[in-house]
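Enquirer: In numbering that gives the first Met the number 0, the protein residues as written are 0 to 490.
Keep in mind the hints are simulated off the structure, nothing from the lab. It should be emphasised that the depicted structure is a prediction, and the values quoted were computed from it without experimental measurement. For every residue, glycine included, the Cβ atom is placed at its ideal position computed from N, Cα and C. Don't take each hint at face value.
[Unchecked claim] List of simulated lysine to any residue pairs, SDA-like, C-alpha gap at most 25 Å:
| id | residue 1 | residue 2 |
| --- | --- | --- |
| 1 | K279 | R482 |
| 2 | K340 | E352 |
| 3 | K441 | R399 |
| 4 | K472 | Y414 |
| 5 | K7 | M18 |
| 6 | K356 | V419 |
| 7 | K163 | V183 |
| 8 | K160 | R271 |
| 9 | K340 | Q326 |
| 10 | K356 | P489 |
| 11 | K90 | Y8 |
| 12 | K466 | D373 |
| 13 | K279 | D167 |
| 14 | K340 | A308 |
| 15 | K340 | R482 |
| 16 | K23 | I139 |
[As the list claims (entries may be wrong)] Now the in silico label distances, taken between C-beta atoms and shown as ranges:
| id | residue 1 | residue 2 | range |
| --- | --- | --- | --- |
| 17 | K472 | E185 | 33 to 43 Å |
| 18 | P231 | Y355 | 13 to 23 Å |
| 19 | R40 | K441 | 53 to 63 Å |
| 20 | V423 | Y161 | 48 to 58 Å |
| 21 | H410 | G41 | 45 to 55 Å |
| 22 | S159 | G449 | 28 to 38 Å |
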Amino acid sequence: MPNRERRKYSYTPLAEAVMRVGQKVNFYGVVAEYEQPKPTRGRDLLCTMTVIDMSYNSPGLRVLFFAPEVDMMPRVRDLGDVIRFHRIQMKSHLGAPQATGNPNMGSSFAVLRGCEGGDYVPYHDSSRSGCTVEASDRNIVGLLRTWASSHPIDTLAGTSKYMKQIKDVNVDSYFDVCCKILFVSEQGAENNAVMYVWDGTDASPACLDPSDQSESGDPGQELWSAKQLAVPVDVMRGFPALGTVLPLDPSGMADDDFGPQLPVAGDWVKLRNIGCRVRKGLYEGVLHHGSKIGILSPSAQAVQNCERAYEERLASDALRLPQWCPQPPQSILVTGYDHVKVSALREVLTYPEVTYKFRCMVRVMATWPSDVLDFCVPKDDGAAQPRDHLEQGDFVFAVRLTLEDPTARLHVFLYGEDAVEFFVGCPAANLRHQGHTVGVLKRKVDRLLGVTEHGPRNPPWVTCCLKSYYLDKDHPRETRRYRVFGTRFPG
DNA sequence: TTTTGGGG
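Whenever a hint applies, use it, and build me the whole structure from the sequences.
Expert: Here it is, written out as structure tokens:
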């Protein structure tokens, strides 16, 4: 544009910018923290970030950028990327400098990759006609890239007094968590997405929330027997084998039309200021208006720590066990296959072969039927006769157990001879005529379910063997079922 | 035009 005078911008080092409270400034910076656009109580969306440069490396400058639409605010892909702002307002908040931008007051931005040797074309900018990058701009960007390559930006990310791992979450307080997004589902008529997040650790067994009580007379069994996660098995197959997958409800962050800008599967994020609740005996993360979704680089220390710890877990027989089961593990159930590696229930659920055998460390959350009186049913060939005319030998155990470990819940069947072996000394019978057997069964089942005189149930960790099978050989995966075998409850 | 949120 030789015949038009080009506006010349001067860029202020951050150390100087923070001295110019009340003025509008232009600056370049390296993004050290970035939180996704989210709704505000006002008309605009807000995205926040911390930028640094060689003059102002720590703690960096907080930038708040408001805009009515997501596309009008900087969409930073990775920490360490370079950002340029024009006409951004310097302010002070509680003694700390901060900058606010808003297209309404003429603010504009351009974001470029942060890696050395990268090009000088912004991958996102606010100008309709494309923004200008001159030789002086390339110089600044190059200097920042070189400087950033020798200054890990990671020091800020992943540390706060609120930081928790998934194994330590509880309903009592708000917290932060660094985690990987495994899956984001659209579901329900409200089109509410659910995010499923993971950090390689195991959530503790949740106490049944009093507000989570079922209204039926059944003491909570129905809740406990609910299957987990509305995640298709094919999706779950892509999940890591171990570690809790925590569902996260972002709807509390929404404001009328806008939800938060959600990350996608595979991203690592730092969730800030989130809560937790218990639904059907399982933890669920909850975002609220004050929550934030910050991005993390795969190279971030927090991410590396998660991945390294997880690799260690995978490789160690002892660390593979649920993190909340007693060490060394003890079990009131006995299996004959103690040398066999323990599988997590997610591995059982996603195993590629449909007929297979596993050993698991689980808790028995519920039985169905819930009354041991109904544990035995007439065999098929006797079903036509009145129940009272049947011989004892005409009955068979048919019980469904809900098993839980930190990775999944699973319905398994305890049937026939496997059940007779399991209950040791309690043959199948018309239990309505077998008071003694019923008493023995009831005591065993109560111990399995962790029933106590008063207070919430707390099922003990037990080892058990499972085998998978199918009902229809033409559709083995669709009709896969699981049975307990090779497992005894002596005493 | 000047909010919103501003780490808790």
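Enquirer: A separate judgement is required for each hint: does it hold in the structure or not?
Expert: Hint check results:
Using a Cα cut-off of 25 Å, the hinted pair K279 and R482 holds, with the two alpha carbons roughly 24 Å apart. At roughly 17 Å between alpha-carbon atoms, K340 and E352 fall within 25 Å of each other, so this suggested pair holds. With a C-alpha separation of about 15 Å, the suggested pair K441 and R399 falls inside the 25 Å cut-off, and the hint holds. Restraint check: the Cα-Cα separation between K472 and Y414 comes to about 20 Å, which is no more than 25 Å; the hinted pair holds.
For the hint linking K7 to M18, the alpha-carbon distance of about 22 Å falls within 25 Å, and the restraint holds. Of the pairs offered as hints, the one joining K356 and V419 holds, with about 19 Å between alpha carbons and a cut-off of 25 Å not exceeded. In summary, the hint linking K163 to V183 is supported, as the alpha carbons are separated by about 22 Å, within the 25 Å threshold. A C-alpha spacing of about 11 Å is found between K160 and R271, which places the hinted pair at or below 25 Å, so the restraint holds.
The suggested pairing of K340 with Q326 holds, with an alpha-carbon distance near 16 Å, which does not exceed 25 Å. Note on K356 and P489: the hinted pairing holds, with a Cα-Cα distance of about 22 Å set against a maximum of 25 Å. Straight-line distance between C-alpha atoms of K90 and Y8 comes to about 21 Å, which keeps the hinted pair within the 25 Å bound. The hinted pair formed by K466 and D373 meets the criterion: a straight-line CA distance of about 24 Å does not exceed 25 Å.
Taking the CA atoms of K279 and D167, the gap is near 19 Å; set against the 25 Å cutoff, the hint holds. Restraint check for K340 and A308: the C-alpha separation of about 19 Å stays at or below 25 Å, so the hint holds. Of the supplied pair hints, the one linking K340 and R482 holds, its CA atoms being roughly 18 Å apart against a limit of 25 Å. For a cut-off of 25 Å, the pair hint linking K23 to I139 stands: about 20 Å separates their Cα positions.
As the Cβ distance of K472 to E185 is approximately 34 Å, the hint placing it in 33 to 43 Å holds. A beta carbon spacing of about 20 Å between P231 and Y355 agrees with the range 13 to 23 Å that was offered as a hint. Between R40 and K441 the C-beta distance comes to about 56 Å, which sits within the given range of 53 to 63 Å. At roughly 49 Å, the beta-carbon separation of V423 and Y161 lies within the given 48 to 58 Å, and the hint holds.
In this structure the supplied range 45 to 55 Å holds for H410 paired with G41, their Cβ-Cβ distance being about 48 Å. One distance hint, 28 to 38 Å for the beta-carbon pair S159 and G449, holds here, with the actual separation near 36 Å.
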